[in-house]
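**Student:** Generate the whole structure from the sequences, applying the supplied hints.
Take a look at the letters that make up each chain.
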Amino acid sequence: MISASSKLLSTLFSGGPKIVVVRTEACNEDISLPDLPVEWLTTTTADGNVFRFSEDDEPAFPVEMPPSNVLAVWVPHSHPSIDALKQWWERASGTSRGPVFVHGDATHLIGAVAGQTLRENNRLTRMNQTLLEDLAALREGLAHHVRVPPELEVLLKNLRAAPPRLIFETPFFSSAASVTGAIIQPLLTGARGILGVDLHVSNAGLGTGHLLVKLQVPSSGLELAQWRIPYSETFPGWLALRLPAVSARMDSIVELAVEPHGDGQPPELTCSPAGLMNEYAFIGSDITRNMLRMRMWGGFPGLSYQSPSSDTSFSPAVVKISDHLVAAAQTTRPLTWAYPYFNYLGAGRLLLRPLKVNPASSARIYLPALPGLAALNCMVKIDDALCTTKMLVRLAASLPGRNIDEVEDGTAALAVTEWTELSEPIRTFDLRLALPSVVSEPIELHLFSRLPEGGKLDHGKVVFGGLEATLNERVAFSHLPYLPQTDTASS
Amino acid sequence: MTVQTRSDQPCDKSDIRAVILIPAYGQPALTAETLHSAIGQQCDFPFAVVVVNDGCPVPETHEICQNFAASYPGKVFYLSKANKGLSAARNSGLEFSLRAFPALEAVFFLDCDNHIGPHLLRRLVHALRAGDNHAGWVYTDVDKFGFASFSDMSGPYSSLEHLFRSFCEAGSMVSRRMLDTGARFDEAMLKGVEDWDFWLQGLSMGYHGIHVPNAGFHYRRRGESMLTEAERDIAPILDYIRKKHTSLYSIQAVQEREIKGRARYAVYHPDTRLVRYMTATSDPSAPVVLEEYLRSLLRAAEKPDYGSCPGHLIVLEQNTYDLLSDMKLLAGVFWILECALQQAASTSCTIDVRTAVDVSLAWTSADLPRADKLSVPFPSQPVHVWAVEAGALLAEQFPEGGFAFGNHWHTVKPFGSRHFTLEIGAPNVAQIDASPIASDAFTALSSTLATVAEQGSRSFWHSVPYDRYRAQAASPRDYYPEFFRLYSSLPVMQAGNAIAFVLDRAEHDDIAKATQLAISVRAHGLVPHLLCFGSTFVGPSADLDVFAEIISLPLPSLGNHSDLTQNYMGTDLPLLDGRDRQAALGTLAAFSKVVSVRGRVLHLLAGALRKLGVRTWAFIEDVKAGATNAAVAGSAFEQAYDTIFPETVDVLHLCRAIGYPAGKLRVWEEHFPTRTITTAMHNFQQTADVFS
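Each protein sequence line maps, in turn, to chains A and B.
Using the working numbering, you'd call the opening residue of the first sequence number 7 and step up by one each time.
Using the working numbering, you'd call the opening residue of the second sequence number 376 and step up by one each time.
A few of these clues could be false.
To be verified - Restraint ranges, calculated between C-beta atoms of paired labels, are given here:
no.: 1; chain 1: A; residue 1: Leu158; chain 2: B; residue 2: His501; range: 43 to 51 Å
no.: 2; chain 1: B; residue 1: Ala819; chain 2: A; residue 2: Ile289; range: 33 to 41 Å
no.: 3; chain 1: B; residue 1: Thr818; chain 2: A; residue 2: Pro365; range: 33 to 41 Å
no.: 4; chain 1: B; residue 1: Glu775; chain 2: A; residue 2: Thr395; range: 28 to 36 Å
no.: 5; chain 1: A; residue 1: Arg234; chain 2: B; residue 2: Phe520; range: 31 to 39 Å
no.: 6; chain 1: B; residue 1: Gly415; chain 2: A; residue 2: Arg234; range: 48 to 56 Å
no.: 7; chain 1: A; residue 1: Thr337; chain 2: B; residue 2: Thr796; range: 37 to 45 Å
no.: 8; chain 1: A; residue 1: Leu158; chain 2: B; residue 2: Phe520; range: 43 to 51 Å
no.: 9; chain 1: A; residue 1: Ile289; chain 2: B; residue 2: Lys618; range: 23 to 31 Å
no.: 10; chain 1: B; residue 1: Thr796; chain 2: A; residue 2: Glu459; range: 55 to 63 Å
no.: 11; chain 1: A; residue 1: Asn409; chain 2: B; residue 2: Glu775; range: 26 to 34 Å
no.: 12; chain 1: A; residue 1: Glu157; chain 2: B; residue 2: Lys986; range: 55 to 63 Å
The hints are simulated quantities; they were obtained by calculation from the structure and are not laboratory data.
Beta carbons: idealized from backbone N, C-alpha and C, even for Gly.
**Tutor:** Dropping the structure here:
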């Protein structure tokens, strides 16, 4: 029905208001165009069936849709007929909200466009009013009707009360290298829930320069936080960088940019091989296939862990004991049974069946150095709904390599719990082992299970899980954590 | 070039380099968000936004599109058309963009409820510009919001994976060159998945995709959408796509990609500590050290890189490999072990080489029951070849396995292991040797795996809870069952020219006949292979030279004690159980032509092979015992063959008398003349032609 030259195509479908003037091919008469703020398009037709938009006899190609935002199609003379064009327009555009089709002089056109414009004005007024009412309803809903269920509020309260958690720690190798230049380190987590990052400094910086560390979103270039650490304030050990509040942003991918600025010798940051995952290696350095040695801390989005009375942000931190450490647990007594009494069950859970033999079944988990380790806790249960025997469990902590009997009786232990009775099946019991003083070196966590004396049962199904360590951050760092130097988009 | 820091300025239309094409239908409020993110692109080249209203009955859709176009004239272009579906809307936008913007390089498709980050267009266009001439499209990771999740589309593009998994979102960028070649959305696909079909068009045109990590594509995931609707109707949609793209989904085409990617076997030689990757044994990769292979295996369980790590590990010493290769037995032995792994957790083979006048093969096998626990023990006695699936190897080392799925398939297989003994007779045995795998090789393999795992911090990375949906080793199981209802298929190089001569028994005169036929086809550019369905094989060494590979496939159903037989009009025919039938079909499925020579087993398979696109031929001989039995047996399956070749005029008459359609009867010498055609042969063909 219509054809257009490539040159005119983008004009036909641009968003501005237009009026199409229709004339016969044979007509050479000049047409006086009224003074209206629209784009004027001219189309010619020989028979009222094919309409052509082109300039200077350029080749025209069929177009399957009518031009957009056309206010009126105007035929200034009595010819040609545009009935077919009108029908096609409605059919091809898939809508009846098309232009007005006008025959006659400019007065007719102006009248039709004025009517069309008034209708459009009414429509926009209605639309704007609807929008205002929608927004009012939304505000009212937020103010009065949107309620968090009470159970959820209790849960949120508990979550807010929970300490920050270590959500990631780079595996560390003693042969690690160090890096000083500008690098970009991809992070393993998204922005939501991040409280801060610890970087490990192997050698302190010197001079008047400073290290600029930026937490940013690579896909948008958005900077979530920026820390500025003078070289003179760096020293070997963990360098703690914290957000003023836990990030609530939803960005899936974030990265850390580290840049030395100014004069002097930048601090050397400890690296660790990226192992199987080179995509998490930092970029920008001659040292390849390495990532920064770092720890990431998380918490409840939006929550500030800063004490209102202090500008520091120390609070106990809870670290999940990694599944791979739990999976490497070993028994510590040469007990035998007809089938395995000890096994790793996956997801950080250990089976340790108490057996009808003395002494108690025991296993140990090696824990690498956790700075400021203050307590250990786990969950334990009898994983057998039909079991009616009450079983006994105990935790102990010792330095590596101690005699297990001496650990169990406490003489070689850093700390040991009392025997705790699992008084009913399936129910989960919490065991907490508080250390008398914080420990920052590797230790062994010992698990014990035994049957009550005199019972008939030969064995029981006891499962330990949910192992966590509580760290005293005040001891872990020898320097106050850094907060971002500027307002950020972090919350 | 114009530098654009903000996108709301109109561009010179003649210099627009990229278009964001948005088909609009429904959800007008979300469309406004989508348009807002589209015009917010920060690019160093001019771009435009083209929105196509697909006849949406909701008036707000028109109003929002119109308003954006009016507010950003020369930047946002608005097309409104009658509703014809998503594909038609995108095609209308494509036609408009190609015509209106002569400098156009690429088009990004953005659905009207998704968002894009401000740098997406620039990053994708730059990646496309940096690609080679076959770079057809660029895709990125999908960051899902609404129901939040993250889809890891990372890793190099794998065309093999793309055949069975749609990992390039509609929200990707197509190159001008691919559009100019004619790629368009299929307007008949109204129920979704048209984007997969579109990229497959590009693949069939010789283009490939490029992955750009984290460019900022945000996909709105809702409870109900066109995608969830498509998932309900996925079976007929996939059927449609595969029938449409036969050039991609024929068994030969699929296998060609598999061979090119060397994605099936990792072949490890303990004596050299080298590993080669291969699918076809005649096309191995350059060797890599064991540690590199094990690293790729461990990595395959963590991040997507389909095809980089083969799904099977085969262990044998270098000289055993050379012996089997020299005797053209390598492909067959690997295939037999792969077939055994369909039923057994691991498989091994002891090879006994003896001096003999002829080449002979004799297979025996024994199955061991499945172990109670999850382990796949290494062989305790000396073996020459040992094979296992990569998932089982990982599961043996690590309790939880490693892959997101497929680690413990071995625990549901009927057998714990299958051990073969292969007796090989050959002339000049003094010059050949096959050493068993050194007794400490498996311990060394295990300890090296442990070391590589530790060096790569495998336990740490494995405890990180990221998306492992696409992290896997490549396995025929991923696509053969779904595409072809086969477990796998014997890899055949240049399958388009490969022809298999199939025997039930392989003794002197059988092989001589096959050799005679093979010589005649070789002169016509075909590559003959010899395939025997049986556990024994005896043939003169000289006769075997003509064959590219010799495969002797023992099928238990055909054993001496099998009671699986059937009778057709007085003629005995074998039967195959399901497993053997699958193995036999897989053995022949990739050949372009198969010829039954003095055999009846192929009769049982020919129909299924034809359906897979294999040309099926039967050669009926005038043997001393009489051709009647062979002709009668063949007549029960005549419909499954494309062509029947009677050896003589007498057999031709016999075939016609039994009822073979005359049009199927051809003369071998006419098809594959090896010398001047004699008058007798000419008359023979004329006799055949009279009835055709």
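**Student:** Go ahead and decide if the range 43 to 51 Å is satisfied by the Cβ distance of Leu158/A to His501/B.
**Tutor:** Roughly 45 Å apart at Cβ, these two residues keep to the hinted range, so it holds.
**Student:** Just to be sure I understand the hint, the distance between the Cβ atoms of Ile289/A and Lys618/B should be within 23 to 31 Å; is that true here?
**Tutor:** 45 Å, violated
**Student:** Take the C-beta atom of Leu158/A and the C-beta atom of Phe520/B, compute their distance, and say whether it sits inside 43 to 51 Å.
**Tutor:** 21 Å, violated
**Student:** CB of Glu775/B to CB of Thr395/A, is that within 28 to 36 Å?
**Tutor:** 31 Å, holds
**Student:** Against the range 55 to 63 Å, how does the distance between the Cβ atoms of Glu157/A and Lys986/B compare: consistent or not?
**Tutor:** With Cβ atoms ~59 Å apart, the hint holds.
**Student:** Does the Cβ distance between Thr796/B and Glu459/A fall inside 55 to 63 Å?
**Tutor:** For Thr796/B and Glu459/A the Cβ distance comes to about 58 Å; the hint holds.
**Student:** Do the beta carbons of Asn409/A and Glu775/B sit within 26 to 34 Å of each other?
**Tutor:** Given a distance of about 32 Å, which is inside 26 to 34 Å, the answer is holds.
**Student:** Thr818/B and Pro365/A, beta-carbon distance inside 33 to 41 Å?
**Tutor:** Since Thr818/B and Pro365/A have Cβ atoms about 34 Å apart, the given range 33 to 41 Å holds.
**Student:** Determine whether the Cβ-Cβ distance between Arg234/A and Phe520/B falls within the hinted range of 31 to 39 Å.
**Tutor:** 33 Å, holds
**Student:** I want to verify a distance hint. Is the separation of the beta carbons of Thr337/A and Thr796/B within 37 to 45 Å?
**Tutor:** 41 Å, holds
**Student:** Given the hint of 48 to 56 Å, check if Gly415/B and Arg234/A actually sit that far apart at their C-beta atoms.
**Tutor:** 30 Å, violated
**Student:** Would you say the C-beta atoms of Ala819/B and Ile289/A sit inside 33 to 41 Å of each other?
**Tutor:** 36 Å, holds
Checked against the numbered hints listed earlier, the structure breaks hints 6, 8 and 9; every other hint is satisfied.
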